[in-house]
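> Using full-length UniProt numbering, you'd call the opening residue of the sequence shown number 1 and step up by one each time.
Note that these hints are calculated values from the structure, not bench results.
Among the hints, a few may not be true.
Pairwise CB distance ranges, derived in the manner of DEER restraints [unchecked claim]: (1) Thr27 - Met1: 22 to 32 Å; (2) Arg462 - Ala532: 36 to 46 Å; (3) Gly8 - Ser442: 49 to 59 Å; (4) Glu434 - Asp293: 43 to 53 Å; (5) Gln289 - Asn549: 42 to 52 Å; (6) Gly220 - Ile188: 15 to 25 Å; (7) Thr27 - Asn240: 41 to 51 Å; (8) Gly241 - Gly523: 44 to 54 Å; (9) Ser442 - Leu390: 22 to 32 Å.
None of these values were measured; they are calculated from a predicted model.
Positions of the beta carbon are idealized from the N, C-alpha and C atoms, including for glycine.
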Amino acid sequence: MLSTGNEGCKCINQTSVLASLLNRDCTTATGRPGVYLTHDEKRLTLGGSCVAYDYGSSACLQHDLLHDPTCQGDLSTAVIPPYCFQTWCYVDAKSCKKNSAEDIYKSNYFSHFSPEYDVFYSYSTCNTTDYFWKQQLESLATNASVVGGISITVTVPRDDDETLNKKWPDGTILTPRETEDNYFDDTIPFGGIYIDYMNSIVKLSKGDIRNVTYTHTSKGSLNRYKSGSRFTAAVRDVQNGLVDMAVGDFWVTGERLKMTSFTVPIVYDKTVLVVPKPGQKSNLTYQTQKVFDPFTPGLWAVVIAIVLAAALLSVWFSDREMAAKKRYGMQLKLDQSRRPHKRRKFAYFRLILDAILEKGMFFFSAGIEQDTGASLPHKVLMFGFGFFILIAVSAYVANLAAFLTQSGLVETEFGTMKQVIDKNARICGHPALEGDLRLIWSDAHWIFPPDGFDGMFDAYAREECKVLAIGRESAFEHVERICELRLVFTDVLIHEIPIAFPIRPKLASAFSYWVYTAEKSYGYSFESAKQAYIKETEIKNQCEIEFSNLNQEEADDFAPVSESNMFLPIMAFAICAFIAVVLQLIHENKKKNGRRSAFGRQSTLGISWVRGIHAASDVERGDVQVQRKGWDKKVDEDDSEMSRSVDEDDSEMPRSKSMVRRSVNHDKSDAGDDAKRVQICDFPGANIPGDEFYEN
Numbered sequence: 001m002l003s004t005g006n007e008g009c010k011c012i013n014q015t016s017v018l019a020s021l022l023n024r025d026c027t028t029a030t031g032r033p034g035v036y037l038t039h040d041e042k043r044l045t046l047g048g049s050c051v052a053y054d055y056g057s058s059a060c061l062q063h064d065l066l067h068d069p070t071c072q073g074d075l076s077t078a079v080i081p082p083y084c085f086q087t088w089c090y091v092d093a094k095s096c097k098k099n100s101a102e103d104i105y106k107s108n109y110f111s112h113f114s115p116e117y118d119v120f121y122s123y124s125t126c127n128t129t130d131y132f133w134k135q136q137l138e139s140l141a142t143n144a145s146v147v148g149g150i151s152i153t154v155t156v157p158r159d160d161d162e163t164l165n166k167k168w169p170d171g172t173i174l175t176p177r178e179t180e181d182n183y184f185d186d187t188i189p190f191g192g193i194y195i196d197y198m199n200s201i202v203k204l205s206k207g208d209i210r211n212v213t214y215t216h217t218s219k220g221s222l223n224r225y226k227s228g229s230r231f232t233a234a235v236r237d238v239q240n241g242l243v244d245m246a247v248g249d250f251w252v253t254g255e256r257l258k259m260t261s262f263t264v265p266i267v268y269d270k271t272v273l274v275v276p277k278p279g280q281k282s283n284l285t286y287q288t289q290k291v292f293d294p295f296t297p298g299l300w301a302v303v304i305a306i307v308l309a310a311a312l313l314s315v316w317f318s319d320r321e322m323a324a325k326k327r328y329g330m331q332l333k334l335d336q337s338r339r340p341h342k343r344r345k346f347a348y349f350r351l352i353l354d355a356i357l358e359k360g361m362f363f364f365s366a367g368i369e370q371d372t373g374a375s376l377p378h379k380v381l382m383f384g385f386g387f388f389i390l391i392a393v394s395a396y397v398a399n400l401a402a403f404l405t406q407s408g409l410v411e412t413e414f415g416t417m418k419q420v421i422d423k424n425a426r427i428c429g430h431p432a433l434e435g436d437l438r439l440i441w442s443d444a445h446w447i448f449p450p451d452g453f454d455g456m457f458d459a460y461a462r463e464e465c466k467v468l469a470i471g472r473e474s475a476f477e478h479v480e481r482i483c484e485l486r487l488v489f490t491d492v493l494i495h496e497i498p499i500a501f502p503i504r505p506k507l508a509s510a511f512s513y514w515v516y517t518a519e520k521s522y523g524y525s526f527e528s529a530k531q532a533y534i535k536e537t538e539i540k541n542q543c544e545i546e547f548s549n550l551n552q553e554e555a556d557d558f559a560p561v562s563e564s565n566m567f568l569p570i571m572a573f574a575i576c577a578f579i580a581v582v583l584q585l586i587h588e589n590k591k592k593n594g595r596r597s598a599f600g601r602q603s604t605l606g607i608s609w610v611r612g613i614h615a616a617s618d619v620e621r622g623d624v625q626v627q628r629k630g631w632d633k634k635v636d637e638d639d640s641e642m643s644r645s646v647d648e649d650d651s652e653m654p655r656s657k658s659m660v661r662r663s664v665n666h667d668k669s670d671a672g673d674d675a676k677r678v679q680i681c682d683f684p685g686a687n688i689p690g691d692e693f694y695e696n
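All chains should be built: construct the whole structure from the sequences, respecting the hints.
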């Protein structure tokens, strides 16, 4: 008993559908009336079979074995394809989708006529597999042509750049004037990137596209769009059937889609904001700022904090105050009773200031002082500080030269579309994109000059607009004019639009197939064609047209450093030198007038064992001498090793134990006729051996 399919997806009778097909009547080998099997518009025929009207109807049968000539032959000698032995039948698609899980397919033999001829078939409802039939379809599609080896006629819009042009027999591109005079002469061949791309697609089709004839756009269409785009005029020729397709950088717009179909996009053109090229910064403020650019503000704050921390900790670790309290406690109390507490605060401030300056000099000189007599905590601190200096200075120096020689840009007033709209600045746009641009940016002040890009550039030169909207793909064609007008492309996206070829609807799918296959199977795309053309013709940019690359263009690894680049360090030295001179003059003036100076070379707590010798009467009574002599004796007893003669080599003494004898010379006006020199003690490691400080 014949099977009629599984439950929920039964075989149905489609005899009436096949019998109603027009212009496909035939007579089978057995003399029965039938129809030809044709595989849709691609005209992939299944052996030119003529099948009876009941082909595929009512039951699960080996329909292909019964009717397909490929499946018929001597089984002992011929190789019969596996799909011939599979059973199948036509089914009701709506019922199968709802009531069963069977795999169903739409037949390509009849369905392209109209929906009433749609028929569906299933292998699984007959408990067989469709695997072998799919293999057969793939084999037919691979071996068959897509467009049938046709020859096509292509119109090329008039242009005179690298993308589209006309060439003399020696390969020279015609000038704009020559192009205008010879555009309608088809004996002069067309050239350019798009022509090379088209020829490569034809070659990759391996004869499926047999030949391409390039021609000019009709004068009638050019006259129709004489105030608009000559590219739209070329689209009109495709619409009117004068040519099969057009080649060039055609934007796919709504107006053009109404006229004809297009291939798949070959590239997407991003229309961006084009602004006047900003000037270079040359003021001293910018030159000063560049010195700090290698580090971020946050990192500079960290550097300053570490320098301050190292300075404060070094003051603490030096332990001068504790040494003073331990050895000279009694006299310290006596000194404090004669001097105000304010004096000791100033002494601490002086110590901290000196430590900060010292650590700052360590950082600027990329090293630290090696103090063998320092305490262990101080050495550990300097070890960490030295490592920080090594990394920080190396990183700073590595980046500094690039920042110093880099020229900054004056900030443009048209950095975004919002700024352009807020300033009500006029924008020049291409007339072919007028509808799209007005729809997307309705608040903008648009101007669409005639004659395409040439009209846009002329309008900008006449100052009819402040900025322009140009696609990046179009920039390749107009680099010379863009450089002449000193324009640059920003990253402000205004509109993105596909570029494709206008083509007759019947050829659109087939040609798109070869465009897709060229990229996916052969790795050949329009971008690769453009790069190959640039390499072959050695095209070079005449100027930098990308706003984002302007700074990179100015930064040169071998650019010399000028005096303006070094403005900040020069001024820093001049200011420090001026402050140092002022401090020295103050110090000399105080010494000359017999007053105490805090700007000398001594960096201690300032605790001396002579009370403020400002009263001449005390000196005359000899009180100070008695006190001093008693204390000198005490020093000699407690620190015999450290109170050696100053004639010995002080460099051999540990710095922490060196005791430098200082002489205090009292001005004759204060101390009387005889100048009296007394010995005082400083604190460990406070001064350089051999220095003398005369304190009044």
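> Please go over all the hints and tell whether each is borne out by the structure.
Status of the hints after comparison with the structure:
A hinted range of 22 to 32 Å for the beta carbons of threonine 27 and methionine 1 is consistent with their spacing of about 31 Å. Range check, arginine 462 to alanine 532: Cβ separation about 38 Å, and the 36 to 46 Å hint holds. Between glycine 8 and serine 442 the CB atoms are about 55 Å apart, so this pair conforms to the stated range of 49 to 59 Å. For glutamate 434 and aspartate 293, the hinted distance range of 43 to 53 Å is satisfied, since their beta carbons lie about 44 Å from each other.
One distance hint, 42 to 52 Å for the beta-carbon pair glutamine 289 and asparagine 549, is violated here, with the actual separation near 22 Å. Between glycine 220 and isoleucine 188 the CB atoms are about 21 Å apart, so this pair conforms to the stated range of 15 to 25 Å. Remark: the range hint 41 to 51 Å for threonine 27 to asparagine 240 is upheld by a beta-carbon distance near 43 Å. A beta carbon spacing of about 35 Å between glycine 241 and glycine 523 contradicts the range 44 to 54 Å that was offered as a hint.
Serine 442 and leucine 390 have their C-beta atoms about 60 Å apart, which leaves the hinted 22 to 32 Å range violated.
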